[in-house]
Amino acid sequence: MHREPFAVLAVVVCLLMVSGSVFAHHGDVDYERDRLTTVEGTVTRFDLINPHGRLYFNVKDENGNVQEWYAELSAINTMRRLGWNKVTLKLGDPFTATGHRSKDGSNEMRLFKAVLANGTEIPARRLR
Amino acid sequence: MKDRWISFVALGGIALAFSPLLLAQTAQQPGAAKAQSATPTPDLSGVWVVRELSDTFDMKVEPPMQPWAEEKFKALSGRELDPIESCFPYGVPRIFLSRRPFEIVQNPGRVLILFEQDHWVRQIHMDGRKHPGPEDLFPTWMGHSIGHYDGDTLVVDTIGRNDKTWLDNVGHPNTDALHVVEHFRRVDQNTLVIDVTIDDPKAYTKPWSGQKVFQLRSDWEVWEHVECEERLELTPWTEQ
Numbered sequence: 001m002h003r004e005p006f007a008v009l010a011v012v013v014c015l016l017m018v019s020g021s022v023f024a025h026h027g028d029v030d031y032e033r034d035r036l037t038t039v040e041g042t043v044t045r046f047d048l049i050n051p052h053g054r055l056y057f058n059v060k061d062e063n064g065n066v067q068e069w070y071a072e073l074s075a076i077n078t079m080r081r082l083g084w085n086k087v088t089l090k091l092g093d094p095f096t097a098t099g100h101r102s103k104d105g106s107n108e109m110r111l112f113k114a115v116l117a118n119g120t121e122i123p124a125r126r127l128r
Numbered sequence: 001m002k003d004r005w006i007s008f009v010a011l012g013g014i015a016l017a018f019s020p021l022l023l024a025q026t027a028q029q030p031g032a033a034k035a036q037s038a039t040p041t042p043d044l045s046g047v048w049v050v051r052e053l054s055d056t057f058d059m060k061v062e063p064p065m066q067p068w069a070e071e072k073f074k075a076l077s078g079r080e081l082d083p084i085e086s087c088f089p090y091g092v093p094r095i096f097l098s099r100r101p102f103e104i105v106q107n108p109g110r111v112l113i114l115f116e117q118d119h120w121v122r123q124i125h126m127d128g129r130k131h132p133g134p135e136d137l138f139p140t141w142m143g144h145s146i147g148h149y150d151g152d153t154l155v156v157d158t159i160g161r162n163d164k165t166w167l168d169n170v171g172h173p174n175t176d177a178l179h180v181v182e183h184f185r186r187v188d189q190n191t192l193v194i195d196v197t198i199d200d201p202k203a204y205t206k207p208w209s210g211q212k213v214f215q216l217r218s219d220w221e222v223w224e225h226v227e228c229e230e231r232l233e234l235t236p237w238t239e240q
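From first to last, the protein sequence lines are chains A and B. So for the first sequence, my numbering puts the first residue at 1; every next one is plus one. So for the second sequence, my numbering puts the first residue at 1; every next one is plus one.
It should be emphasised that the hints constitute simulated quantities derived from the structure, not laboratory data. Possibly wrong hints are sitting among the right ones.
Just so you have them, the derived chain B footprint on chain A, three or more residues with Cβ under 8 Å [as the list claims (entries may be wrong)]:
| id | segment |
| --- | --- |
| 1 | 68-78 |
| 2 | 93-101 |
What follows is a list of derived Cβ distance ranges for each label pair [said to hold, decoys possible]:
| id | chain 1 | residue 1 | chain 2 | residue 2 | range |
| --- | --- | --- | --- | --- | --- |
| 3 | B | Val170 | A | Val87 | 18 to 28 Å |
| 4 | A | Leu91 | B | Pro108 | 49 to 59 Å |
| 5 | A | Asp93 | B | Lys74 | 46 to 56 Å |
| 6 | A | Lys60 | B | Pro42 | 33 to 43 Å |
| 7 | A | Pro94 | B | Asp152 | 24 to 34 Å |
| 8 | A | Glu40 | B | Val170 | 32 to 42 Å |
| 9 | A | Glu40 | B | Val226 | 31 to 41 Å |
| 10 | B | Lys164 | A | Glu40 | 45 to 55 Å |
Beta carbons are placed, not taken as given, at the ideal position from N, Cα and C, and that holds for glycine.
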């Protein structure tokens, strides 16, 4: 299914405006905690912000259609300690995202790790 | 040669003239002198982070609640009621359940804990003062803390904590009668154990205790972290 990026972005912005708390603190219960999903995409937006960073990217499905994806990241300081900085991912960068996908089947995940185009693997969740 | 002697005499005179000042300055620092002569304080300084995240202080038994407290606790149905989800401060002792690190800074008269979580600072007075009396005790999120060293342990006594947040992530309540005693002990170079005892006779039928273990992160600094910054918005000030 192809959707206009601007329309999707507008919906996302509206959702953020009316329901900040939904995005602010997703519980683990919202994601497939015991299953990892991996997709290849290109970065459309990357924000290291609190309480969770946000990564938006496009993924081509098997029919070549572009799917818009969103990955929730950890807080800024956690990401920094894991080795991320403001230019780890730049607009248009291809990368591979692995994470816990949303249980509702939407194109949303809690990022577990990313593999950059040069093969560098970088964790996105602190393990304890 | 004669000039050199004159210089020696002059320097000696200057030294004598300033010596009362030097002595006076030394005498004005009894705390420092006392700290040097006292038994060595345990070194708790450094950046620490919780070793295993949990929602409680890993109590061995469920806290024995007063009927109203138990009713309130059992009525909690979801995270939407959690004060921190509405950007309330964590308060003492819950802030030690945060995933964010904290730094302990030990000074002669005061221990400071610099929390990364919302950049809170906790002051523990080590100068022998008492808690304020009821007339001067204004409830706060961190309460009023006084402490002392008992061998290798920092013992911290806290009262004056408000009742606007929870004691832990599952919602154990408290009242303004809350009295928290914490024992900080560095069991080895890289491990800090904090034992927490909760005494709140208005909410619990007897005191209860828990514990958290923290690991040293000597390669970390405490950075600024504002949990709710995405929800911050400017609102016009209006006179009431």
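Checklist entry - Taking the beta carbons of Leu91(A) and Pro108(B), is their distance inside 49 to 59 Å? => result holds, 53 Å
Next on the checklist: Just to be sure I understand the hint, the distance between the Cβ atoms of Lys164(B) and Glu40(A) should be within 45 to 55 Å; is that true here?
Outcome noted: holds, 47 Å
Item to check | Supplied distance hint 24 to 34 Å, evaluated on CB atoms of Pro94(A) and Asp152(B) | outcome: Given a distance of about 54 Å, which is not inside 24 to 34 Å, the answer is violated.
Next on the checklist: Quick check: does the Cβ-Cβ distance between Val170(B) and Val87(A) fall within 18 to 28 Å?
Outcome noted: violated, 40 Å
Next on the checklist: Does the beta carbon distance between Lys60(A) and Pro42(B) stay inside 33 to 43 Å, or does it fall outside?
Outcome noted: Given about 59 Å between the Cβ atoms, the range is violated.
Checklist entry - For the segment 93-101 of chain A, do at least 3 residues have a Cβ located nearer than 8 Å to some Cβ of chain B? => result violated (count 0)
Item to check | Cβ distance range 32 to 42 Å for Glu40(A) and Val170(B), holds or violated | outcome: Given range 32 to 42 Å: holds, Cβ gap about 40 Å.
Checklist entry - Has the segment 68-78 of chain A got at least three residues whose CB is nearer than 8 Å to a CB belonging to chain B? => result holds (count 4)
Next on the checklist: Given a hint of 46 to 56 Å, does the C-beta separation of Asp93(A) and Lys74(B) actually sit inside it?
Outcome noted: holds, 50 Å
Checklist entry - Falls inside 31 to 41 Å, the C-beta gap from Glu40(A) to Val226(B)? => result holds, 34 Å
The structure fails hints 2, 3, 6 and 7 (numbered hints given earlier, in ascending order).
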